[in-house]
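A.B. asks: Sequences listed follow chains L and B, in order. Here this note's numbering is used: position 323 in the first sequence is 569, and no number is missing along the way. Here this note's numbering is used: position 107 in the second sequence is 353, and no number is missing along the way.
Worth flagging that the hints you see were computed from the coordinates, not collected in a lab. Given the structure is predicted, the values throughout are model-derived calculations rather than measurements. There may be inaccurate statements among the hints.
[Stated by the list, open to error] Only some residues are given here: those of chain L computed to face chain B with a beta carbon under 7 Å: (1) LEU280; (2) GLU285; (3) SER306; (4) ALA590; (5) LEU599.
Here a beta-carbon is modelled for each residue, glycine too, at the ideal position from N, C-alpha and C.
2 protein chains.
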Amino acid sequence: MPETTPRPDQPTTAGSGARCLGIIGAGQLARMMLGPAIELGLTTPVLATDPAESAAAVASRLRLGRHDDPAAVRELAAEVEVLTFDHEHVPTAILEGIERDGLAAVRPGPAALVHAQDKLVMRERLTALGHPCPRWWRIADAEDLTTALAEAGGKVVVKTPRGGYDGHGVRVVEHAEQARDWLAAHEELLAEELVPFARELSAQVARRPGGETVAYPVVQSVQKDGVCYEVVAPAPGLDEDAQQRIQDLARAIAEDLGVTGMLAVELFETADGEVSVNELAMRPHNTGHWSMDGAVTGQFEQHLRAVADLPLGSTAPLAPVAVMVNLLGGAVEDLAPGARAALAADPELKLHLYGKSVRPGRKIGHVTLVGDDADALLERAHRAERLIIDGPAAPVGPTTPGATR
Amino acid sequence: MPETTPRPDQPTTAGSGARCLGIIGAGQLARMMLGPAIELGLTTPVLATDPAESAAAVASRLRLGRHDDPAAVRELAAEVEVLTFDHEHVPTAILEGIERDGLAAVRPGPAALVHAQDKLVMRERLTALGHPCPRWWRIADAEDLTTALAEAGGKVVVKTPRGGYDGHGVRVVEHAEQARDWLAAHEELLAEELVPFARELSAQVARRPGGETVAYPVVQSVQKDGVCYEVVAPAPGLDEDAQQRIQDLARAIAEDLGVTGMLAVELFETADGEVSVNELAMRPHNTGHWSMDGAVTGQFEQHLRAVADLPLGSTAPLAPVAVMVNLLGGAVEDLAPGARAALAADPELKLHLYGKSVRPGRKIGHVTLVGDDADALLERAHRAERLIIDGPAAPVGPTTPGATR
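The shape of chain L in the complex, shown without the other chains (with noise of 0.2 Å):
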């Protein structure tokens, strides 16, 4: 027997992993995770509906077909031992379909995953379990609508329990009236207090079919118009206490969802250090990002080694700060000039485009930084998106309109 002493939590399931795995869905997160597959020598077919997708124009083996078109999936997963995903807009019937046909394995499944694709599944799982969630209403109709403003003092957050994503899907309502497009559209809303938040941080845990499970460092993050825009890794000033409660909160999701591959927990804190759910994602999140370039095993890989039933890696921390900063589309429309100016101004950027073309507020890549000082490292980071997004001959410094701290 080899001299190998195996984790506590680590099943010793027979086999060797899978090793053809189909991505559905190719944008920035199918385009990240290829890397790391050549590295571990995985095959990772990719279903995309344009060539053009961020995915799509580096994958070596690609499928053109839509996400939600049944015979398109199902010759992704003939072809494959496992699926997973880019983003989580499968219908769960196709899905479903794959498993009770033994096509291929889903992971995570679709059982899981409709708790990453339904707002109001989520909700009422989450609550069932007694995990900690801001005060939530299902709404069928205005009536139910004014009831909830009522009972939440008069303003709430109405979603839409699916397809929502990056603040697609959101709407603070203070009058039925305001919903009124969304419930004739659809059957039910979801409506949630609106959390008196003081941050929001995101917890990122990663399971193996066996029930392995390793978590990342709790995060910092801050939005821009609802979308994912800046992370600190680990969370400035919580305490160990905290973060080992919230890695545990994440942990025991994953094990009651029954998750496999990266799951993302999004949280609200409130001044007293209490947190709730806000959302769930069952993929690499872009809160994860930083850990590409700031922990052992960043999350694309992980995410792969994980749905391949591959024994997971370390997620320790390679500095004790990480930083990562989205790049979203403004004016300029060809970033290489601003791009190359930003790793000149510094050496030690971690720059990841996405191949995607510029629109204003469209998340079109990243960069990291690690070191010890995470005030430093933002305004580096900062910097670095200015002179990318607004182009090298743009004026950067603090008193520019754009910057955001």
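Mind docking chain B on chain L? Use the hints.
C.D. replies: Chain B alone, transformed into the frame defined by chain L:
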């Protein structure tokens, strides 16, 4: 003007760097460029002779053709801004033609590359420049070799000037007769004294077209049957002065030869701390693989940045020590079970598989680890190596005959 402080040695060239770089050759070095190219948003078509080659199997843009076929190389050149290399076997005349006709920039250029292609040219030039070399002789016939043997004390290393790699094209002889076949087949041979080295070192630098250079920590390397096998970064016991002196030597060679991209200078170190140049490589090099996981900027990203004329990245290590151990093919053909066991045994292990079929002694992958203690890291890396190469069922332990330390 942006508030950026250009580094002193950074030329303020115009333009934004190249965006499309053709890679000639599809071995593991080309393969390991692909992940960083994706993150930097660079397009990197690969010229491969066979679609099953290491990089060909995972490249999104592939051309089939031979590196010594002028038409194939010129076709690749016509679709890119820059040509660079997985290996140094492209005939000089083809590259000179591409430069002359302005089809693409060739980086490193043929005038530099010839010093990595032809060991006689390299010895002559380095000697003229005053860089430290072993004693060497140009050998046209048996008489020359007999003279060299007499001057060297009865034993020399004979090398074919071109085409050698990983111990091929290298032979230790004590009589001219022992090189008779090579003397008949080659116009000239190189003979060198056997340097009584205490260990081998390697110094890597990157250089941009305009002259900016960065140097990586000098590493210690151990060969096995002429193949790089184990690397420790930085080289243990090498004091700061010696590190600086050797980095300066590598920078001077890059400058003197006009190298663009990565340059590896393999060196002999004798017991008294003197070094002499053994070989040059003008591309990412096996002795630099540690940097993928152990430095802020890995050598593959750095090579791309240098040949694309993008600002160079920090070479700072991410931990006090990094080690790399090559995976050289053994009896087991399916690496997956052993790889799984190795990942399970060591969550910090970084695994890089090249997607090559297993043949005894063939480079099929490598592992790296970072930490504080070189001996402990090497023990772990070799344990992983044995699990992967021999399979998880084989006995592993300090007394295994396969262990080399």
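A.B. asks: Evaluate each hint against the coordinates.
C.D. replies: Verification of the hints:
no.	hint	result
1	LEU280	6 Å, holds
2	GLU285	5 Å, holds
3	SER306	5 Å, holds
4	ALA590	4 Å, holds
5	LEU599	3 Å, holds
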